[in-house]
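Q: Read top to bottom, the protein sequences are chains A and B.
For the first sequence, our numbering gives the first residue as 1, with consecutive numbering after it.
For the second sequence, our numbering gives the first residue as 1, with consecutive numbering after it.
Quick caveat, the hints were computed from the structure, so don't treat them as lab data.
Note that the structure is a prediction, hence the values are computed from the model and not measured.
Do not take every clue at face value.
[Unchecked claim] Mimicking DMTMM-like on lysine to aspartate or glutamate, the simulated pairs with C-alpha atoms at most 25 Å apart in a straight line are:
(1) K155/B with E32/A
(2) K155/A with E26/B
(3) K168/A with D139/B
(4) K155/A with D139/B
(5) K51/B with D99/B
(6) K168/A with D88/A
(7) K155/B with E5/B
(8) K121/A with E26/B
There are 2 protein chains.
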Amino acid sequence: MGRWEPNARGRLERAALELYVERGYEQTPVAEITRRAGLTERTFFRHFADKREVLFAGSGGLEELCVGAVAAAPPAATPMEAVAAALDAAAGVFEERGDLVLQRQGVIDANAELRERELIKLASLAGALADALDRRGVDAMTAQLTAETAIAVLKVAFRRWIDGGREKPLRSLLAECFDVLRSLSARGAAGTP
Amino acid sequence: MGRWEPNARGRLERAALELYVERGYEQTPVAEITRRAGLTERTFFRHFADKREVLFAGSGGLEELCVGAVAAAPPAATPMEAVAAALDAAAGVFEERGDLVLQRQGVIDANAELRERELIKLASLAGALADALDRRGVDAMTAQLTAETAIAVLKVAFRRWIDGGREKPLRSLLAECFDVLRSLSARGAAGTP
Numbered sequence: 001m002g003r004w005e006p007n008a009r010g011r012l013e014r015a016a017l018e019l020y021v022e023r024g025y026e027q028t029p030v031a032e033i034t035r036r037a038g039l040t041e042r043t044f045f046r047h048f049a050d051k052r053e054v055l056f057a058g059s060g061g062l063e064e065l066c067v068g069a070v071a072a073a074p075p076a077a078t079p080m081e082a083v084a085a086a087l088d089a090a091a092g093v094f095e096e097r098g099d100l101v102l103q104r105q106g107v108i109d110a111n112a113e114l115r116e117r118e119l120i121k122l123a124s125l126a127g128a129l130a131d132a133l134d135r136r137g138v139d140a141m142t143a144q145l146t147a148e149t150a151i152a153v154l155k156v157a158f159r160r161w162i163d164g165g166r167e168k169p170l171r172s173l174l175a176e177c178f179d180v181l182r183s184l185s186a187r188g189a190a191g192t193p
Numbered sequence: 001m002g003r004w005e006p007n008a009r010g011r012l013e014r015a016a017l018e019l020y021v022e023r024g025y026e027q028t029p030v031a032e033i034t035r036r037a038g039l040t041e042r043t044f045f046r047h048f049a050d051k052r053e054v055l056f057a058g059s060g061g062l063e064e065l066c067v068g069a070v071a072a073a074p075p076a077a078t079p080m081e082a083v084a085a086a087l088d089a090a091a092g093v094f095e096e097r098g099d100l101v102l103q104r105q106g107v108i109d110a111n112a113e114l115r116e117r118e119l120i121k122l123a124s125l126a127g128a129l130a131d132a133l134d135r136r137g138v139d140a141m142t143a144q145l146t147a148e149t150a151i152a153v154l155k156v157a158f159r160r161w162i163d164g165g166r167e168k169p170l171r172s173l174l175a176e177c178f179d180v181l182r183s184l185s186a187r188g189a190a191g192t193p
């Protein structure tokens, strides 16, 4: 028991998501999650700081994946190409998880606290992408702008993917967003009169 | 007393910021804020939902200002030019408030809850900008992307302005960010291989 429960983390994640969908996030105490997972509360809190965090269990891995993709981009890749490769890698994970991503997003959208936590995770991802670009020798302002713009693209494409019932692949929506962004910037963006 | 206190809102804002700077946000109960402002707690809660919200009292007005600037942009302005005008208007307000903006940001940066609230306010501003572009007849995807990109620019320029001790005007930093963004997008941003 305890420390060596096989795949405790994954079981807790699945049980939490099921219950949040069935009964709502606010109405689900940690004790219910651990009961359904067949684990103890002590095990829960060894893996997650609180019942919000269990919904964001994958965000660390996603961040690592994105950072790895930026690092692995060919030396000749532009900063924007490097982050596009990162989002493409992330899209692969989202596509693979399919329905679970949709269910999870429904839970997040219904709760203000969870939406706040999601924004914090995205801000953290932006920081990690900027650091990864910095390690490629990209200057600080360009790195930060590219990273924040990537998050902007991810937010818009992801929302369209979810709202459109995942009919269009997330990867195509990302590519479409990058295209629009390019044409937008080309058409002019004078900051001061 | 009460409902008709002259400028109660502004007095509470100033008292809260002073105390958050002097003693820290966590260490300042609402009772201390109202004592310094010479007002009652009832008055405080008539104006603000909680002691976080008093720091974001200006965000509604800022959003209105930005939305107004998008609406007032010349009909021929591109979506990116329209949001650049909005950020320019916002920059004017930040420049005017000067030291207060710097102090306020110091308080926010020191506290995770406040950083979350700040992200929520920025997300709300992005939504408002997208709606304002929508009313100019801009298609939904372009409106959302332009709005999110504007927030990306604002975040990066604002952070540089604060970290650089406000030596460079915020307006110039915004213009610089839009320039970098344009060159970045021009250099290529293929979403998929």
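Q: Each hint needs a verdict: does it hold in this structure or not?
A: Against the structure, the hints:
no.: 1; hint: K155/B with E32/A; result: violated, 40 Å
no.: 2; hint: K155/A with E26/B; result: violated, 32 Å
no.: 3; hint: K168/A with D139/B; result: holds, 18 Å
no.: 4; hint: K155/A with D139/B; result: holds, 17 Å
no.: 5; hint: K51/B with D99/B; result: holds, 21 Å
no.: 6; hint: K168/A with D88/A; result: holds, 14 Å
no.: 7; hint: K155/B with E5/B; result: violated, 36 Å
no.: 8; hint: K121/A with E26/B; result: holds, 23 Å
Taken one by one, the earlier hints fail for this structure at numbers 1, 2 and 7, listed in ascending order.
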